[in-house]
Amino acid sequence: MQFNVITLFPQLIDSLWNSGLIGQALEKEILRLQVVNPRDFTTDVHKTIDDRPYGGGDGMVLKAEPFAKALDSIENPGRIVALTAHGVPWSHEQSVQWAKEESTMTLICGRYAGFDQRFLEFRKMEQISVGDFIVSGGEWPACMMIDSIARHLPGVLGHPDSSSLESFASGLLEAPQFTRPSFWEEMEVPEPLISGNHALIEKFRNSMALLTTLKHRPDLLKSENLERSMMPAFNELKKLSFSQQSAMGLEYNELLKLWEKYEFRR
23 MQFNVITLFP QLIDSLWNSG LIGQALEKEI LRLQVVNPRD FTTDVHKTID
73 DRPYGGGDGM VLKAEPFAKA LDSIENPGRI VALTAHGVPW SHEQSVQWAK
123 EESTMTLICG RYAGFDQRFL EFRKMEQISV GDFIVSGGEW PACMMIDSIA
173 RHLPGVLGHP DSSSLESFAS GLLEAPQFTR PSFWEEMEVP EPLISGNHAL
223 IEKFRNSMAL LTTLKHRPDL LKSENLERSM MPAFNELKKL SFSQQSAMGL
273 EYNELLKLWE KYEFRR
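When we follow the numbering used here, the leftmost residue of the sequence shown carries the number 23, and every step to the right adds one.
Don't take every hint at face value.
Claimed, not checked - Label pairs and their computed distance ranges (CB to CB):
1. E208 <-> L278: 18 to 26 Å
2. N98 <-> E285: 50 to 58 Å
3. S245 <-> P203: 22 to 30 Å
4. K225 <-> G271: 41 to 49 Å
Derived from the structure by calculation, the hints contain no laboratory data. Note that the structure is a prediction, hence the values are computed from the model and not measured. We treat Cβ as the ideally placed atom computed from N, Cα and C, and that holds for glycine.
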């Protein structure tokens, strides 16, 4: 997959993709990355890319022309996306879909008070937001999008099923994870996870994923048939010692109260 990134700070993109899974994917050419700087398309000695807003106000607005020329310089831009605060919220489902459907995309990183609106209308490009918070520029959201898409491409993750087992892949948060030692600071790894029974482990993890979602992100829970699956999950949790419940951050009585509140709100 080809990613083109238009940014005023190429070093931010380059440094983030020189290590880890994304760096390895670039080395294997599973991913290809082109970074374009709009300053290279300015015509004045100062390489001006912003100016004061018409009508007054704080901040500087990014000029349309250098960004448009930067976009035009890319031979095959593919799907064009501007990272803006008023864009469509990015989601796990989109990352999966785009990994399957797209082969090339161009991500355009904003800065300062944002783009001259005429640039956004220039190609009727899509606008994406990664959340209801402010960051210094679009480089971080662009990196988040690339990472979230790349994880679903064959050969990027070490285990082919890894991306399908992560949080949000099933619509739920992932169950708590543990490694050695089995007992630490009065907290014990739950017995089913060290049983060696793979069917039991899968069933247990599914139950704990449901309860973890209830605790941290109840908004993700689907109402249909929820009670039918929630009650067995509570029964699984109740079998565990307090030490094992504490290790997961899932305590039976506390979660039961949360469930009762959730049921009332429904």
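Cross-check of the supplied hints:
{"no.": "1", "hint": "E208 <-> L278: 18 to 26 Å", "result": "holds (23 Å)"}
{"no.": "2", "hint": "N98 <-> E285: 50 to 58 Å", "result": "holds (52 Å)"}
{"no.": "3", "hint": "S245 <-> P203: 22 to 30 Å", "result": "violated (40 Å)"}
{"no.": "4", "hint": "K225 <-> G271: 41 to 49 Å", "result": "violated (20 Å)"}
Figure legend: structure checked against the earlier numbered hints; hints not met, in rising order: 3, 4.
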